[in-house]
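Counting in this note's numbering, the sequence shown runs from 5 upward without gaps.
There are no misleading hints in this set.
Straight-line Cα separation of at most 30 Å, DSSO-like style, residue types lysine-lysine; simulated pairs:
| hint | residue 1 | residue 2 |
| --- | --- | --- |
| 1 | Lys40 | Lys73 |
| 2 | Lys149 | Lys77 |
| 3 | Lys123 | Lys149 |
| 4 | Lys123 | Lys15 |
| 5 | Lys144 | Lys15 |
| 6 | Lys55 | Lys40 |
| 7 | Lys39 | Lys56 |
| 8 | Lys127 | Lys15 |
| 9 | Lys70 | Lys55 |
| 10 | Lys39 | Lys74 |
| 11 | Lys123 | Lys56 |
| 12 | Lys74 | Lys123 |
| 13 | Lys126 | Lys55 |
| 14 | Lys144 | Lys74 |
| 15 | Lys35 | Lys74 |
| 16 | Lys35 | Lys73 |
Computed spacing ranges between beta-carbons, pair by pair:
| hint | residue 1 | residue 2 | range |
| --- | --- | --- | --- |
| 17 | Lys39 | Lys70 | 14 to 22 Å |
| 18 | Ala130 | Ser85 | 47 to 55 Å |
| 19 | Pro18 | Gln63 | 21 to 29 Å |
| 20 | Lys73 | Pro53 | 24 to 32 Å |
| 21 | Ser81 | Tyr11 | 36 to 44 Å |
| 22 | Lys149 | His49 | 24 to 32 Å |
| 23 | Lys127 | Glu25 | 33 to 41 Å |
| 24 | Lys149 | Asp43 | 28 to 36 Å |
| 25 | Asp131 | Ser85 | 45 to 53 Å |
| 26 | Asn129 | Lys15 | 24 to 32 Å |
These aren't lab readings, by the way, just hints derived from the structure by calculation.
For each residue, glycine too, the CB sits at the ideal point set by N, CA and C.
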Amino acid sequence: MAESVHYHVEKMLPELLHLQENNTFSAGELKAIIKKRTDFEYSIHRRIPLKKDYLNYIQYELNLEKLRKKRRKRVLSQLESENPISTNTSKIKKKPSDKSKLNATDSSIVRRIHSLYNKALKKWNADVELWNLYFEWAIKEGSNKALGRSFAK
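Produce the complete structure using the sequences and hints provided.
Structure, rendered in structure tokens:
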């Protein structure tokens, strides 16, 4: 059990380091995030995981994603105020490599939420309430591809 937990935590490290480099989260906040995620990973990897363990982990990740979006918006607005652009252009143009790097990190929490829902739905596939929660979240998030695959199940 501990090996699989450590494997999942190690997979999170590049994402977390990137969030620290972008000043989205401080080093202390990242330590707290790692601690909390490790605790959640242990709870969902026990012999008989409970549905509430998955739901608590999903709720934590949803709150973390909201916080990340707010802070990213704040950082971008600070960058725009420091480097004003002429009134003719309203968007900051970035290098393609920067954009792809940001997208990979930006979507990592969303991918983790999808993964948690999928793991929970494999264990409790007859739970209509859980399916509804997943569908509502996926619609709100705009995950059309995942919705299509889920409806096919």
